[in-house]
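J.: Residues per chain, in single letters:
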Amino acid sequence: MAANFWTSSHYKHLLEQEDVDMVNTLDKEKGITLEDFKLIKMHMANYILKLAQQVKVRQRVVATAVTYMRRVYTRKSMAEYDPRLVAPTCLYLASKAEESTVQARLLAFYIKKLYADDKYRYEIKDILEMEMKILEALNYYLVVYHPYRSLSPLLQDAGLNDLNMTQLTWGLVNDTYKMDLILVHPPHLIALACIYIASVLRDKDTTAWFEELRVDMNVVKNISMEILDFYESNRMFTEERINVALQKLTLRP
Amino acid sequence: MGDGRWSRAEWLQQYDLLGKIGEGTYGLVFLARTKSPPSKSIAIKKFKQSKDGDGVSPTAIREIMLLREITHENVVKLVNVHINHADMSLYLAFDYAEHDLYEIIRHHRDKLNHSINQYTVKSLLWQLLNGLSYLHSNWMIHRDLKPSNILVMGEGEEHGVIKIADFGLARIYQAPLKPLSDNGVVVTIWYRAPELLLGAKHYTSAVDMWAVGCIFAELLTLKPLFQGAEVKATSNPFQLDQLDKIFKVLGHPTLEKWPSLASLPHWQQDLQHIQGHKYDNTGLYNVVHLSPKSPAYDLLSKMLEYDPRKRITAAQALEHEYFKIEPLPGRNALVPCQLGEKIVNYPTRPVDSSTDLEGTNNLQHSLTVTAVSGNMPGAHGHGRWNELWGYLEATRCSTGPSAATVEKERANGDARISCTAEVKTIIRFSAGRETSGR
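The listed protein sequences derive, respectively, from chains Z and B. Counting from 1, position 21 in the first sequence corresponds to residue 21 in full-length UniProt numbering; the numbering is continuous, with no gaps. Counting from 1, position 434 in the second sequence corresponds to residue 434 in full-length UniProt numbering; the numbering is continuous, with no gaps.
Where hints are given, some of them may not hold.
To be verified - Restricting the straight-line Cα-Cα distance to at most 27 Å, the calculated cross-link-like pairs of lysine-lysine (DSS-like) are: (1) B/Lys-201 / Z/Lys-133; (2) B/Lys-310 / B/Lys-342; (3) B/Lys-48 / Z/Lys-125; (4) B/Lys-77 / Z/Lys-12; (5) Z/Lys-56 / B/Lys-77; (6) Z/Lys-112 / Z/Lys-38.
These are calculated hints, taken from the structure and not from any lab test. All figures in this text were calculated on a predicted structure; none of them were measured in a lab.
Go ahead and model the full structure; you've got the sequences and the hints to work with.
T.: Printed below as a string of structure tokens:
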């Protein structure tokens, strides 16, 4: 399916930013703001990454898991689908889809290890039940395309495929999963935005190269700005704010 | 969802369940009809909950994942997915196909005692290649094509149309799973390409073309072309007899004709002395009773080319001369357009109405059960799931830092964050274009 992203369900189901930023009514009633919503999703993306590092799966599995989690919350409420269960379950499902199955038992073990907090405490049975609910919520669309794939050919084409640039852009792509970009933009444009930022940072002149690509540079720049905005505001995302947001979910409306 | 009995499941209310039609390691296949008009037949594949308590079987996940992305006239259509939360079972609903190549070939061999007419062979082959060409152009490799996986639609709007089925994951099934010998079904190696038999690690779409070649020959002669005896072992053992059968017909492969042969593990190690063995080349044309100059033979020999890099592709095969000469291939492979050709009435699939969705046998002493499960290779049966993991191999990112190095990268990432304003300014004014950053 590598050949045609353009006929994939991923492409067909790309969303507008407004749709992604819709806080579910049930969550609104609990006082969840758009800011909280984004914060919780970012925190869960981090949680998935931490778990993934424990169970040792590839970055691609992490990326797929985060995408699943973000897709789930365009359709379901956090009040009904507790993010603290959805996050590890998405990693569980993604590990199967990406052919590197992780046992539920192992996940349950590392969940306990990572969080002493009872609110994170979920058992194997909970994960297995949630797996089916997530499959349904995703409407069984499981194939996800990621920016990683186009990254190395693009870097190579631009003559920027040295270790430094590769690592920098790869890191930037990883960070894009802390945002909803993957739900809104085609992955190769996200990859281009990361290359764009990296080339500006490292003072590489890529103007000519970008001009030759037949892509809408305005979109690439907008994605770049969004990523940079994220880095700016990232400093204000404290543990405390995340906890306050998560706490709202457990409160009665 | 009630007390978990399937009969109470809401989704099931839309179907009339007729009975079991197949069985494999993954679970059972049932025949049902939709209640709402226009009523149509549906094959429902039930996946067992994996025994080790690990949720939805990865095989099912992969099959759903792939089938959800593809639509083609010659590929089986997934019409619905159902979940029974109570007992955590998963059901895939497909458009039902009355026939498959296994049963069609068997009917000609054992009942009719005459070969399949040329029009039907050519039409079946063309449609098979057409579906395969679509899959390959989408980076999917089926990896386990065999007659029982190739369905043919029964009477109706799509009569005689081929549907490639069984998109699972044989890789998972190479791990020790329950052998299928229980119900007389033997997982076959007969359609496996020589590079795989010699231990190639990388699959290409050429493995499917080899299988198509074997199936083409079988359609012509009604007998499997290379019937090797399988070595049973837990993880992918060396299948000497299968190679032996191939070499006997096609002759010994040579490094001259197949340069990458030298790099294949089993050839390199050569523990069974396959290199030294001398074979008399029987001649493929003798086996399939074709003139060496006929287009049919030319196409077949190109499908059975040893070197996977030289083997004909599905797209190339569709352009072959064989399909341009009379009789021309048609959409309804079972009913020839020309008058005078006899129309064969193929038997319908046996349905075991004594087995419910739980797989429980309702009739204690039913004879039907033995009759069906005894020799039911089935549309979705023949046990082993086949797979399509190739495209994932193709799309997997194998380079780039691991998660751990990435984390390190992030730690240094503060530098990026601290100069965002500067970078933004540059971006805003670069190339002289205004952008509206959020």
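J.: If a hint holds in the structure, say so; if it doesn't, say that too.
T.: For each hint, the structure was consulted:
With a C-alpha separation of about 36 Å, the suggested pair B/Lys-201 and Z/Lys-133 falls outside the 27 Å cut-off, and the hint is violated. The suggested pairing of B/Lys-310 with B/Lys-342 is violated, with an alpha-carbon distance near 38 Å, which exceeds 27 Å. With a C-alpha separation of about 17 Å, the suggested pairing of B/Lys-48 with Z/Lys-125 holds against the 27 Å cut-off. Between B/Lys-77 and Z/Lys-12 the CA atoms are separated by roughly 19 Å; this keeps the pair inside 27 Å, and the hint holds.
The hinted pair formed by Z/Lys-56 and B/Lys-77 fails the criterion: a straight-line CA distance of about 36 Å is larger than 27 Å. Under the criterion of a C-alpha separation no larger than 27 Å, the hint pairing Z/Lys-112 with Z/Lys-38 is consistent with the structure, at around 25 Å.
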